[in-house]
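Going left to right, the sequence shown walks through residues 23 to 133 as our numbering numbers them.
Please keep in mind that the hints were generated in silico from the structure rather than gathered at the bench. Hints are supplied without guarantee of correctness; some may be wrong.
[To be verified] Computed list of lysine to any residue pairs in SDA-like fashion (alpha-carbon distance at most 25 angstroms, straight line):
#1 Lys82 - Asn51
#2 Lys36 - Glu133
#3 Lys58 - Met44
#4 Lys36 - Val126
#5 Lys36 - Ala53
#6 Lys82 - Glu72
#7 Lys58 - Ser127
#8 Lys82 - Ala66
#9 Lys82 - Ala109
#10 Lys82 - Glu97
#11 Lys82 - Gly93
#12 Lys58 - Ser79
#13 Lys82 - Thr100
#14 Lys36 - Ile49
#15 Lys82 - Asp92
#16 Lys36 - Gly74
#17 Lys36 - Gly65
#18 Lys82 - Gln120
#19 Lys58 - Glu72
#20 Lys58 - Gly74
#21 Lys82 - Ile49
#22 Lys36 - Ser90
#23 Lys82 - Ser117
#24 Lys58 - Gln73
#25 Lys36 - Asn56
#26 Lys58 - Ser90
#27 Lys82 - Glu107
#28 Lys36 - Asp92
#29 Lys36 - Gly75
#30 Lys82 - Met42
#31 Lys58 - Met42
#32 Lys36 - Ala109
#33 Lys82 - Ala46
#34 Lys82 - Ile30
#35 Lys36 - Ser127
#36 Lys36 - Tyr112
#37 Lys36 - Phe64
#38 Lys58 - Ala109
#39 Lys131 - Asn56
#40 Lys36 - Ile123
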Amino acid sequence: MADSLFGIHATALKLREQRMAMLASNIANAATPNYKARDLDFGAALHSVEQGGSTDSAVKYRVPVQPSLDGNTVELSTEQTAFAENALGYRTSLSFLQSRIATVSRALKGE
Numbered sequence: 023m024a025d026s027l028f029g030i031h032a033t034a035l036k037l038r039e040q041r042m043a044m045l046a047s048n049i050a051n052a053a054t055p056n057y058k059a060r061d062l063d064f065g066a067a068l069h070s071v072e073q074g075g076s077t078d079s080a081v082k083y084r085v086p087v088q089p090s091l092d093g094n095t096v097e098l099s100t101e102q103t104a105f106a107e108n109a110l111g112y113r114t115s116l117s118f119l120q121s122r123i124a125t126v127s128r129a130l131k132g133e
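Sequences are here, hints too, so could you generate the full structure?
Okay, structure coming up:
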């Protein structure tokens with residue numbers, strides 16, 4: 023019932039949260055030698071979850087445009103841009119879910 027009520031947005035919210043944690047970890051480890059930046063391919067992860075699979079195959083290591091000498095692959099501008107884009111997607115799904123819940127709540131109250 024939750025799938026028909028909330029559609030894809032409930033799953034999208036969980037995946038956006040997972041991606042947000044990954045991107046935050048990348049940013050936090052920007053100065054850690056040999057740290058390899060990872061990202062979640064959101065489209066692939068969503069497809070995999072819809073098919074009953076896991077998100078493991080959608081996690082990819084980021085290939086830096088300009089590699090650092092210490093082996094760290096985090097590029098702050100790339101990570102910050104991906105973080106902002108993901109935050110916008112998260113907020114969009116959250117707004118949709120809040121609207122849907124408000125609609126159901128009004129319907130249950132008979133308004």
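Legend entry - Which numbered hints fail: 2, 5, 7, 18, 19, 20, 22, 23, 24, 25, 28, 39
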